[in-house]
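Enquirer: Put chain B on the given structure of chain A with help from the hints.
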Amino acid sequence: GQQVMQIPQYQHVQEGEDFTTYCNSSTTLSNIQWYKQRPGGHPVFLIQLVKSGEVKKQKRLTFQFGEAKKNSSLHITATQTTDVGTYFCAGRSGGYNKLIFGAGTRLAVHP
Amino acid sequence: SAVISQKPSRDICQRGTSLTIQCQVDSQVTMMFWYRQQPGQSLTLIATANQGSEATYESGFVIDKFPISRPNLTFSTLTVSNMSPEDSSIYLCSVDGVGDYEQYFGPGTRLTVT
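Here the protein sequences come in this chain order: A and B.
Okay, so the first sequence: first residue is 24 according to this note's numbering, each after it adds one.
Okay, so the second sequence: first residue is 4 according to this note's numbering, each after it adds one.
This is chain B alone, in the form it adopts within the complex:
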């Protein structure tokens, strides 16, 4: 199994500012995934981040709003740019496990935009 940590665990930000969320994995992984989970809702995939290439964004998510870095096989960042209250959500990173390809999730970053 993979152990994933995220920073910060929560933050309250003002509209118009940006927040960078960090995701650290205890083992090398090829792909890392970033999800958004709005309160009481399901998980929506924002993008897939491969080391050494540009992230692949899902429909409705753009790089200018959610730039992603993937500098090595154990680390990734997601930035939420020019935030508005609609960006208030939990942001989760995840990685695929070996074998069954289950996904392991980080504890999440709870973002509130005022």
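Only chain A is shown next, with the shape it has when bound in the complex:
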């Protein structure tokens, strides 16, 4: 079945450093979404990428979708303590409505 791999599992940075998490699918995706889950909270939607090679930015966050629509990345520039949490990618393929979530990358930011 479809699998979505995500690395790294955990990243510990100093405040102000950059952070990147990578997502790779075993199949071509129709779209990919990114979610953030704060400690003790529930996943919150950040963005969806649909087009091959698409790049979207939200302030310090940059999201990319690969040309083959099988991989994606989230880059955070100059991390802040408010960025702490787990970042999940989630992909859909074919005509299915269900999302397949990656394992998540837990980000710790130290001041």
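Treat the hints as calculated values from the structure; they're not laboratory data.
Predicted model, so just to flag it, every value in this text is computed and none were measured.
Note that beta-carbon positions come from the ideal geometry of N, C-alpha and C, so glycine has one too.
Take these hints with a grain of salt, some might be off.
[Claimed, not checked] Below, computed lysine to any residue pairings styled on SDA-like, alpha-carbon distance capped at 20 Å:
id, chain 1, residue 1, chain 2, residue 2
1, A, K59, A, H133
2, A, K121, B, N53
3, A, K121, B, G55
4, A, K121, B, D99
5, A, K59, B, S4
6, A, K121, B, Y107
[What the hints assert, rightly or not] Covered by chain B, per the in silico footprint, the following chain A stretches (three or more residues, Cβ under 8 Å):
id, region
7, 65-76
8, 124-133
Expert: This is chain B only, laid out in the frame that chain A set:
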């Protein structure tokens, strides 16, 4: 956006018992999803619940263990039956949003089975 509430928010249950989790949405939605998230892990889809039809279960999840009801377009329940400590987890319901099809998640039910 959709506002989702879940009851209970947390519970501690004895093995062999059952717990029913309720999910209420503030708008009518076609599909509702139930996920399980074990501590420090990712989200695993248990089943998709459409109003008026039987839920569709993912591999590894069966109706006898996780019966689901979907009596109307704003409400669903998930029952965790004959619980064992391995069922200790956070159970989340979610719905698709309009347009981007992002999913909105409820706050989750933290279940501990002793």
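Enquirer: A separate judgement is required for each hint: does it hold in the structure or not?
Expert: Now the hints, each set against the structure:
Our distance criterion of 20 Å between C-alpha atoms is met by K59 (chain A) and H133 (chain A), whose separation comes to about 18 Å. For the hint pairing K121 (chain A) with N53 (chain B), the CA-to-CA distance comes to about 13 Å; that is within 20 Å, so the pair holds. With a CA separation close to 19 Å, the supplied pair K121 (chain A) and G55 (chain B) stays within the 20 Å bound. For the suggested pair K121 (chain A) and D99 (chain B), the alpha carbons sit about 10 Å apart, so the restraint of at most 20 Å is met.
A threshold of 20 Å between alpha carbons decides the hint, and for K59 (chain A) with S4 (chain B) the separation of about 16 Å falls inside it, so the pair holds. For the given pair, K121 (chain A) sits about 13 Å from Y107 (chain B) by alpha-carbon distance, which is consistent with the 20 Å threshold. Under a criterion of three residues with beta carbons nearer than 8 Å to beta carbons of chain B, the stated coverage of the region 65-76 of chain A is upheld, 5 such residues being counted. Restraint check on the region 124-133 of chain A versus chain B: 5 residues with Cβ-Cβ distances below 8 Å, three needed, restraint holds.
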